[in-house]
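Residues per chain, in single letters:
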Amino acid sequence: MLTINRDICGYCGCCVAVCPEGALELIDAYLSLEGDCISCGICARACPLGALEVVHEE
Amino acid sequence: MKNRYDVLVVGGGPAGALAARTAAEAGLSACLVEKRPAIGTPVRCAEGIGKELLKDFIEPDERWIAADIRRARIIAPSGDTIKLEQHQAGNEVGYVIDRKVFDRELVWRAAEAGSDVFVKTRAVAPIMENGAVKGARLLACGQPVDVRADVVVAADGVESKFARWAGLDTTVPLGDMMSCAQYLMTDIPIDAESTDFYLGRDIAPEGYLWVFPKGDRTANVGIGISGRQSRDGSRARHYLDRFVAENFPDGKVIEHIVGGVSVCKPLPCTVADGLMIAGDAARVVDPITGGGIFNAMFTGRMAGQVASECISAGDCSAGALMKYDEAWRVSRMGKTIERNYKVKDYFVTLDDAKLNTLAASLANIDMKEFKVSTLIMELIKRNPKMLMELRALKNSLA
Ligand SMILES: Cc1cc2nc3c(=O)[nH]c(=O)nc-3n(C[C@H](O)[C@H](O)[C@H](O)COP(=O)(O)OP(=O)(O)OC[C@H]3O[C@@H](n4cnc5c(N)ncnc54)[C@H](O)[C@@H]3O)c2cc1C
Ligand code: SF4
Ligand code: SF4
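Keeping their order, the protein sequence lines are chains A and B. Okay, so the first sequence: first residue is 18 according to the working numbering, each after it adds one. Okay, so the second sequence: first residue is 2 according to the working numbering, each after it adds one.
Bear in mind the hints are in silico, worked out from the structure with no lab data behind them. Virtual Cβ for every residue (Gly too), placed ideally from N, Cα, C. Take the hints with a grain of salt, since some may be wrong.
Unchecked claim - Covered, in the sense of this in silico footprint (three residues per stretch, anywhere, with C-beta under 8 Å from a C-beta of chain A), are these stretches of chain B:
#, region
1, 199–213
2, 236–242
3, 254–266
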């Protein structure tokens, strides 16, 4: 599951562009998970600030 | 807002502004929608642009020129510096601008030309009929509205989704995404007439760090690293903080900027039935410099021109709009992107030792005019030990 830390996020859209599923959407200053996320973690890698994390549930 | 326009432009950056202005100037009804409440903010840019490149679009105005630049310096990991004076560096040296004012000015021009403009209005889906784009579903301050158009120009920037919704794959490969962080800093000791580029694995892996002055003691201090190199504990922001702590410990940060720059190849096709894609959304950033303001204005204007031709001819199919795709690809901008992608692919493989060697070999170079091709020839002449790889690079560009 992808978690978004909105206190860290700088709403730049970098993650949106690398998501292979098109699952993220930047609504002005609010990053939102709108589509089906496959938890690949690519967005979390690209983020300049480290606002995203894929949390694997046990 | 009307429910029908000739051209609907999604995105109020430089690409969208030029598309809307060009369409309106050609006598079409045009509408530009921008999801943010204000054009131009937050800024996601280092704001450097060549003077020559601007000329074609807008006359210089002190309201948005923050600094007039005389030279560029490239600093190798060893500290060796390659200095390019204005007469050599041409397009690489110019102005550092104020995008908040500049972007607004561009949108004002579009409005002045007759285009409608709506902010806080987000495109949420294309209207599709028989596989063709016929307009867009918008949320205007939260209110759903359907707007039909003969042509939609997707100028929705790096986070572009519109073309994807219409069926094109616009994903940027992680390694070709520059993950960027920047501080607008004040009270720092800088050369206010020089744009500085720092290279090196420890400074900015597969990228570079920049200091672009915006006044006497003020500058955009930023960094882009490849997404491939970005991970917990070593993200763009961490590299930037380290550089700032070492070089500008007493500086004050008055603006915090983050962003992504796509330094991939452009989209394989930038049109579909009823749809054109321009600017960052088309992935037309220069892969070496990461510069995209000019490319956005250039493709935006061209999209506006071709849209107006196709609308008067009554054919907005992908086949007719394809003229736009072909024209930018064969333009100087298109050729430069193609070449610079290859050059970038080579340069990101260099370790610091090689970067130092190359920089040292160029120490007293005096090129009449800075050109990538001349530079590579000089590097070949001066670095016999790296002859093979440099020649391979040169041949790949031929
Ligand atoms: C850190 C950084 C430094 C840079 N430095 C430079 C530089 O020094 N020089 C240079 O030339 N370039 C630079 N660039 C690149 C430059 O900023 C971009 O290439 C340029 O802004 C592209 O213009 P555009 O119009 O295509 O997109 P943008 O300027 O990104 O505009 C797109 C607009 O579309 C809007 N939008 C998106 N989706 C929707 C939607 N669904 N509905 C409505 N509106 C939408 C967005 O809010 C945005 O305002 C830099 C980029 C970054 C991130
Ligand atoms: S890349 Fe990071 S900072 Fe940028 S919008 Fe995504 S989560 Fe936010
Ligand atoms: S984890 Fe993968 S699929 Fe999920 S939002 Fe991030 S990039 Fe997209």
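Structure-based check of all given hints:
{"no.": "1", "hint": "199–213", "in the structure": "violated (count 0)"}
{"no.": "2", "hint": "236–242", "in the structure": "holds (count 3)"}
{"no.": "3", "hint": "254–266", "in the structure": "holds (count 6)"}
Checked against the numbered hints listed earlier, the structure breaks hint 1 alone; every other hint is satisfied.
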